[in-house]
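Visitor: What follows is each chain in one-letter form.
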Amino acid sequence: MNKTANHGLFIDFGSTFTKLIWIDLDAERIISRTQSPSTVDTDIMVGLNTALDQISALQGQALTFRHKLACSSAAGGLRMVTIGLVPELTVEAGKRAALGAGAKVVGVYSYQLTKKELQELENIAPDIILLAGGTDGGDRLTILKNATSLSHCNLHCPIVVAGNKVASDDIQDILDSGNKEYVITDNVLPEIGVLQVDKVRSIIREVFINRIIESKGLKNAEQFVDGILMPTPTAVLTAAKLLSQGTEKEEGLGELVILDIGGATTDIHSIGWGEPTESGVVQKGLPEPFVKRTVEGDLGMRYNASSILHAVGEDHFRREMGNSNLNVEKEVGQLSHFTDRLPESSTAWRLDAELARTAARLAMQRHAGTIEPTYGPQGQILIQYGKDLTAIRTVIGTGGPLVFSPAPKKILEAVLFSETNPFSLKPKRPDFYLDKAYLLYAIGLMSEIEPEKALRVAKKHLTKI
Amino acid sequence: MEQKTVILGVLGVDAHVVGNKIMEYALQKEGFKVVNLGVFVTQEEFIKAAIETNADAILVGTLCGHGELDCKGFRDSCIEAGKGDIHLVVGGNLVVGKQDWEEVEQKFKQMAFNRVYPPGISPKVVAEDLKLDLGIKDHE
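Line by line, the protein sequences give chains A and U. Position one of the first sequence corresponds to residue 1 (the working numbering), numbered consecutively onward. Position one of the second sequence corresponds to residue 1001 (the working numbering), numbered consecutively onward.
Watch out, some of these pointers could steer you wrong.
[To be verified] Some but not every residue of chain U turned toward chain A, in silico, with C-beta under 7 Å: (1) VAL1035; (2) LYS1048; (3) ALA1049; (4) GLU1052; (5) THR1053; (6) ASN1054; (7) CYS1064.
No lab work stands behind these hints, which were simulated from the structure alone. Even for Gly, the Cβ is constructed at its ideal location relative to N, Cα and C.
Excised from the complex, chain A in its bound form:
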C-alpha cells in the first residue's frame, strides 16, 4: 500500500472490545476489520496494537493510513447526570439532550436537590452534569438553588448549564465561587413546547473531546489517532442521520430506525419527526427531537438478561420456545456470568433469540409513540404522545445478538406494529437491513471527513434481509 493511498482506519474503543475497520476511501469498500479485548485499565494502546497486528498480518503488509479516527465508549461510556425542574418538562428535555449526545444517563433529578440526593450524586461521580431548569424568563429559584448546592459539593466534573437564561449571570457567580468547571449554553426548553437540544449536544461533545478523553485513560491513544471525535453512540447517531438524510449529491434512505441490541442495553435511534399519519389525531406532550435516541438500561442480553425475563415472565419463554419443562430462570442466570460467551446448545440459541426478540419488542414499545383514545362531548378523540413511526420504511439492526443470530429477521420483526396493540405506533411495513460488519460507528466517523463516500460505503455494506 503506498503512503498516499486514501485509506482510513476507524476505531471504536468499546468497553469490552477495541474494534477496527479499514476502509479504502477511493474504492469505497471495506478492506478488513478486526477486534481485540480493550485494555483501558492498563494502557489502551496494548489492545489497539494487538488489533493492528492482527489486521496487518491478515493483509501481509505494513500499514499506513491517511485518516485515523476513533470513538469511544470505554470506561463506562460518557456517564451523565441531568438535573431539571418539572419531570415532564425541563427534566425530560435535559435527559433527551444527554441521550442525543451519546451519553449514558446515570441519574435524573427534579426540583430542588436534597442533601440525600447530593450525596447520591457524589457517589455516582458522573463525567458531566447537565443543569437545566426554568424556561427563559421563567423559574429562577430552583436552578439557582441547585447551582449553589453543586458549587458546595465534592464533585469536580464539568457542569453544562442549559436552563433559564435570566439566571445565567448569577449561576456564573455561584459556580465561580465554588471553583467549578462549567459551560453556560442555550436553554434546553426556552419555552414550553420548544425543545432545543442541538447546542447542548455539541457542547457536550466538546467537553467530551477536551476533558473526558484524558480522564478516561485514552490520552495515549490520542497520539496515535487524528482524534477521538465522539462517544460511540454519537457516531452511530451521526451515521443514522447521514443514512436518513443523505447529502446534497447522494440520496439518503429517508426516515429510519436503528435497533442496537447489546449485552448491557438496547438502544433505539429514530430519525424523523413522527407526526401523526392518521387524520384527526391531536399531538401532545414535549416536542420530539428529529434525531431521537432511547436507551433501555434494563434490556441487555447478558448483564440484564434476567430483567428481560422478569418483564415478560417464564411462561412466555416456555411458550415461545415450545419447551414447557425448561428452567428459564436458571438458564438466564447463567448468561450474566459469562457475558462474552456465544450460545453452544440449540436451547441456548433459542433462548438467546427469544431474549433478543423480547428486548427488541419492549425497547420499540418504549421508543415509539402511543395513541390515547379519549371520550368527550364531541365523541372519541385520539391524542398522540411521542413519535408515530408506523410509516417508517427502513429498520436497521446492529449489535452482536443480531449480527451473530442465525435468524436475524425474526428478531427484527419483533419491532413491528401489532394489531393486538394498535395504539403503539410501531413501524408497519419496513424493509429490514443488517449491519453485519458492525460498520455504523465507522460511517459516523467517516462522515466527518467524507460524508458522500461514507454514505455510499454504508449503502453498499448494509445487507437487506
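With chain A's structure known, arrange chain U on it following the hints.
Guide: Structure of chain U alone, referenced to chain A:
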C-alpha cells in the same frame, strides 16, 4: 414594565381552539407573555407549565359545559404544587344549558377562581382586568 407571564389553554376533553387563539393574540397585543398550551389540557399540565415558567396567572378556557367537574380541585392542586397564590381565571361555556349567571359565577368563585367570565366576553375586558389584578399600570 416587567412582562407578566400567563398560561392559557382549554381544559379537559375539549377541542374548541378558536377562542383560545383569539385570546392568545389579544393578550400578546396587550403586552403579556402568553404560554399557550392549546386544547385538551389537563389541570396538571397547566400547573406544571406554570411552575416551569414562573407564571403569574393561569387562564382556563372551558367550552364544552363540563367546566364545573373539570375545574374541581384546581386551586388545591396549585397549593400542593407550591403555586397556591397564583391568579386563576376561568371563562367560556362553563355549564350546560341556561343557568343563572350569578350562581355559576359563585360556584367557580367558591372553587377559588379569582375571575369568572361568561360566554362572549371581550378579550379586552379580560386583559384590562388582568392588568388590574396583577398590578400592571399602563404607560409607566
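Visitor: Next, verify each hint and record whether it holds.
Guide: Structure-based check of all given hints:
1. Residue-level restraint check for VAL1035/U holds (minimum Cβ-Cβ distance to chain A is 5 Å; threshold 7 Å).
2. Interface restraint check: LYS1048/U against chain A, minimum CB-CB distance 5 Å, threshold 7 Å, status holds.
3. A least Cβ separation of about 5 Å between ALA1049/U and chain A falls short of the 7 Å threshold, and the interface hint therefore holds.
4. At about 5 Å, the closest approach between the beta carbon of GLU1052/U and any beta carbon in chain A falls short of 7 Å, and the interface hint on this residue holds.
5. For the restraint placing THR1053/U at the interface with chain A, the shortest Cβ-Cβ distance is roughly 4 Å, inside the 7 Å limit, so the hint holds.
6. Interface hint status for ASN1054/U: upheld, as the beta-carbon distance to the closest one in chain A is roughly 4 Å, under 7 Å.
7. Because the smallest distance between the Cβ of CYS1064/U and any Cβ of chain A comes to about 5 Å, under 7 Å, the interface hint for this residue holds.
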